[in-house]
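**Q** Please build the complete structure, drawing on both the sequences and the hints.
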Amino acid sequence: MSHLLEMENIRIRFRSKNRIRALLDRDRDPYIDAVCGVSLNIGAGETFAIVGESGAGKTTLARSIIGLVSPQEGHVRFEGNELLRLSDSDFKIYRREIAMMFQDPVGCLSPRLTVRSLITEPFKIHGLKDCDLNVEAARLLDMVGLPSTFAGHYPYQLSGGQARRVGVARALALSPRLIIADEPTAGLDVSVQGEVLNLMARLQMEMGISFMVITHNLAVVRHISDRMAIMYLGRFLETGPTDEIFANPRHPYTHALLSATPDPDPDAPKTRVELQGEIPSLMNRPSGCEFHTRCPYVEDRCRTRFPDLETVGPEHDLHCYTPIADIGHRIAKAE
Amino acid sequence: MTDTQSNRVDVLNISDLSVSFHTERGMVRALRNISFTIPDRRIVGLVGESGCGKSTLINSILNLLAENAHIVSGVIDFEGQDILKMTPDQLRAVRGNRISVVFQDPMTSLNPVLSIERQMIDIQYRDHLNKSEKVARAGRMLNRVGIPDPENRLSNYLHQFSGGMRQRIAIAMALMANPALLIADEPTTALDATLEAQIIQRLRKLQSDLECSILFVSHHLGLVADFCDNVVVMYAGEMVESGTVRDIFHRPTHPYTRALLECDPARIKIKTRHLPMIPGSIPDLLHLPQRCIFINRCQESEKECRAGSPKLMEIAPGHFVSCHLCAGEGV
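Residue numbers (numbering that gives the first Met the number 0), protein chains in the order written: chain A, 0 to 334; chain B, 0 to 330.
Derived from the structure by calculation, the hints contain no laboratory data. Heads up, the beta-carbon is just placed ideally off N, CA and C, and yes, glycines get one too. Among the hints, a few may not be true.
Label-pair distances were calculated between CB atoms; the ranges are [as the list claims (entries may be wrong)]:
| # | chain 1 | residue 1 | chain 2 | residue 2 | range |
| --- | --- | --- | --- | --- | --- |
| 1 | B | Q298 | A | K123 | 42 to 52 Å |
| 2 | B | P278 | A | M206 | 20 to 30 Å |
| 3 | A | R271 | B | D208 | 18 to 28 Å |
| 4 | A | D28 | B | Y156 | 23 to 33 Å |
Quick look at which bits of chain A chain B covers, simulated, 3 or more residues with Cβ under 8 Å [what the hints assert, rightly or not]:
| # | region |
| --- | --- |
| 5 | 9 to 18 |
| 6 | 68 to 75 |
**A** Structure representation (structure tokens):
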């Protein structure tokens with residue numbers, strides 16, 4: 000399968016101290032690694048989900064694709080073309096192909112612009128003057144299932160679900176090939192989140208758009224994604240087909256994460272793996288495997304060296320010295 | 000302190016509470032005829048979508064409503080006294096002491112420029128202890144909520160703690176006063192699943208140790224099912240259903256409760272790209288129709304639904320539903 004997007008060994012670092020403070024502290028490496036050696040690929044028409052808690056580096060990774068943060072190391076290739084270290088004008092072509100839906104559905108819409116201006120702004124930015132913006136606005140609103148009268152509304156007049164639809168419409172404006180959806184259901188009620196996810200599914204079917212979905216809602220990931228990655232402190236611990244990971248999680252963290260999600264049934268059997276301790280801070284990243292401070296199966300070597308990538312199944316990769324065995328540790332599913 | 004309540008059945012008893020807000024566009028009828036009780040040492044879950052009046056209800060319980068709020072009717076009986084009729088002095092004795100709150104985001108509910116020690120001493124202003132005793136008590140409380148090495152961490156500031164730790168500190172502070180009722184307003188929304196499980200586990204342990212009741216506000220149905228004894232479901236300012244956690248999750252009766260449960264992707268065991276949803280939107284609270292409020296989104300509405308608002312009915316002991324269609328049914 001040819002890949003639409005490939006990321007290879009991405010490392011994104013942020014300075015944690017200014018130069019003087021670093022000199023005073025004799026700190027030779029005053030940086031934190033927000034993303035550390037991440038590789039992934041997304042095929043055409045595929046949905047790839049990244050799961051992880053806040054601070055794991057999901058959003059930073061996504062922002063590096065559209066050039067909002069620049070990785071220190073690694074490669075980002077879109078249809079084989081390197082995106083990193085491109086000049087702004089060279090990058091502009093790819094910004095039409097890759098769109099982003101930001102996390103806060105209302106916050107990412109300027110309160111002073113009408114819906115029409117918001118969703119047609121991409122045309123102006125990219126100098127597409129020969130299209131009729133009113134027609135385009137109506138087309139986009141229709142595509143996301145909003146009446147065309149919404150063109151004159153301001154963001155404060157929209158509900159959360161409607162604002163999210165406007166965000167989708169704006170992402171769709173230039174017919175992108177890849178949409179990065181950062182927490183597409185955050186802040187939405189259960190009854191509305193289905194609406195947005197179904198809309199994304201429909202658009203994918205009709206237009207073959209690839210999605211990269213960032214979320215911490217595992218129940219959603221299971222239904223909407225083809226492949227997924229579990230991220231912890233800037234690293235992918237496990238990557239694989241969604242069905243396979245849910246049926247057969249191999250990394251202890253994945254296992255704990257899946258088992259910690261309570262079933263909405265008061266009498267469901269509780270097979271919860273309880274983790275001890277807190278997520279370490281990026282400022283003092285643990286040595287070796289980052290998860291060793293909370294891992295129930297920790298061994299000595301986990302503390303010294305980060306495990307290499309191991310392929311345990313078709314497209315199923317993980318970094319762990321002590322993976323959970325195939326049989327015997329399966330999460331007891333309710334059915 | 001808790002001994003005096005040991006023979007009391009309900010910590011909080013809300014009956015027929017209606018709250019409206021005066022606005023330029025008219026009266027917003029935010030809460031209408033809310034009645035439920037929080038029994039002693041029980042955890043009551045409050046479920047509902049944004050705009051259903053959860054926050055207004057919490058603010059009413061704390062008597063912290065905005066100035067344009069108008070209490071149309073109702074009594075909020077807390078330990079035998081109506082909160083809505085309390086004097087400012089009486090309220091001060093209740094708030095933060097007998098009723099305390101854990102908010103959604105500890106980063107905004109705690110002060111970032113004061114050390115944890117300072118804040119935890121300040122909250123004990125009622126207790127006649129000297130400073131070192133207060134510090135020791137703060138340390139013990141931090142230990143109870145699961146913060147390792149509490150004595151040394153007391154001098155830290157909020158930004159030096161991780162998200163899970165911050166929420167633990169907020170819980171420690173809320174429980175310092177040994178409250179009879181703890182209101183937890185989406186306390187784990189900002190945390191990931193593994194930490195959420197840890198915090199809930201800890202909260203459950205503290206609740207049984209301290210013998211308090213909890214009003215647990217959440218939209219996470221899985222957590223509510225796991226953690227609560229009773230559940231109250233609200234929609235557009237009305238209570239549509241209430242009962243034990245098994246009534247609500249095993250025998251949901253109101254069409255809204257059923258639709259809400261169906262929408263939860265965690266309940267759908269077979270992978271699907273077409274998730275259920277509730278079409279339509281909540282009614283405008285300015286112009287409420289004189290009929291069932293869920294009628295425009297209800298899959299089952301019939302003629303009789305147009306005839307006035309349904310009354311809350313007890314269809315089984317402790318299981319209340321407000322729906323015309325359930326009127327004839329008994330369980």
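**Q** Okay, the region 9 to 18 of chain A and chain B, do three or more residues pass the C-beta test at under 8 Å?
**A** violated (count 0)
**Q** Can you tell me whether the CB distance of P278(B) to M206(A) sits inside 20 to 30 Å?
**A** Since the Cβ atoms of P278(B) and M206(A) sit about 24 Å apart, the hinted range of 20 to 30 Å holds.
**Q** Could you say whether the range 42 to 52 Å given as a hint is met by the Cβ separation of Q298(B) and K123(A)?
**A** holds, 43 Å
**Q** Does the beta carbon distance between R271(A) and D208(B) stay inside 18 to 28 Å, or does it fall outside?
**A** With a Cβ separation near 21 Å, R271(A) and D208(B) satisfy 18 to 28 Å, so the hint holds.
**Q** With a cut-off of 8 Å between beta carbons, are at least three residues of the region 68 to 75 of chain A near chain B?
**A** violated (count 0)
**Q** Take the C-beta atom of D28(A) and the C-beta atom of Y156(B), compute their distance, and say whether it sits inside 23 to 33 Å.
**A** Given about 25 Å between the Cβ atoms, the range holds.
The structure shown violates the earlier hints numbered 5 and 6.
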